[in-house]
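Enquirer: Position chain B relative to chain A; hints supplied.
For reference, the chains in residue letters:
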Amino acid sequence: MEVRTTQQGRTLTVTLRGELDHHAARDAIVAVERALDAALPSALALDFGGVTFMDSSGIAVAMRAMRRMAALGGTTALVNVPPQAKRVFDAAGIPVKEETT
Amino acid sequence: MKVKPNNYIALEFLSRSANEGFARASVAAFAAQLDPTLDELGDIKTAVSEAVTNAIVHAYPDTLGKINLRASIFDGNLLEIVVRDKGRGIADVAQARTPLFTTGGEERSGMGFTIMESFMDTLSVRSEPGRGTVVVMKRRIARRGVKP
Chain A
0 MEVRTTQQGR TLTVTLRGEL DHHAARDAIV AVERALDAAL PSALALDFGG
50 VTFMDSSGIA VAMRAMRRMA ALGGTTALVN VPPQAKRVFD AAGIPVKEET
100 T
Chain B
0 MKVKPNNYIA LEFLSRSANE GFARASVAAF AAQLDPTLDE LGDIKTAVSE
50 AVTNAIVHAY PDTLGKINLR ASIFDGNLLE IVVRDKGRGI ADVAQARTPL
100 FTTGGEERSG MGFTIMESFM DTLSVRSEPG RGTVVVMKRR IARRGVKP
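Each protein sequence line maps, in turn, to chains A and B. First residue of the first sequence? That's 0 in numbering that gives the first Met the number 0, and the numbers climb one at a time after it. First residue of the second sequence? That's 0 in numbering that gives the first Met the number 0, and the numbers climb one at a time after it.
One or more of the hints may lead you astray.
[Claimed, not checked] Covered by chain A, according to a simulated footprint, are these stretches of chain B (three or more residues, beta-carbon under 8 Å):
| # | stretch |
| --- | --- |
| 1 | 17-26 |
| 2 | 40-50 |
| 3 | 99-107 |
| 4 | 114-123 |
Think of the hints as simulated: they come from the structure by calculation, not from any bench. For each residue, glycine too, the CB sits at the ideal point set by N, CA and C.
In isolation and in its complexed conformation, chain A is listed as follows (with noise of 0.2 Å):
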């Protein structure tokens, strides 16, 4: 699993890609808690446009983002959500952003 950022302004997009299961989510957890505080964006796209597989786990990645999010004040998208993956969020109740941006 591969987490890359881009800062434009006050809005972090925090990239991932490869296969988001368990053995990958510890890592990509503390990469995107890393990322959020050293940036302390007011708005943080997470982008799944490289996700090639997604459980649960990229739940609990999703929701620790949102959560950390929410204690700076700021807001979460989840935006280039593949199918796979769309199908998981959509199983737990968690809104995806429709369009690719």
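Expert: Here is chain B on its own, set in the frame of chain A:
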């Protein structure tokens, strides 16, 4: 009398998280002979990933143990997946199946059983504390290009 499958695979592997990907990819490769859609294949891989992860995280929390996985194909394009461990077991299965309930670490969401339930047609969980857990999941794969 027990119905015999038309085909099956049986795998045994150690409860290391690196094997999660191996387990779901193996079942997906086996299930390919049922000609599933991409969505069906994704659902199956996800359900297998959840069941195997549960065994790795919860059955053997402080040790490494064996996980047995069996995937079988029965008449009517029915895929059955059995994930069995001999770990510490689940004291309260109903509670474990409740959405968002977890005794796992920060990288768990408590949605594993919910995902298995929504992605497979049936899910049964049998467990005995100290003896292990058996998860049985079934999914009928739609026959494509065949008129009913």
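Enquirer: With reference to the structure, classify each hint as holding or not holding.
Expert: To see whether the hints hold, each was checked on the structure:
no.: 1; hint: 17-26; verdict: holds (count 4)
no.: 2; hint: 40-50; verdict: holds (count 6)
no.: 3; hint: 99-107; verdict: holds (count 4)
no.: 4; hint: 114-123; verdict: holds (count 3)
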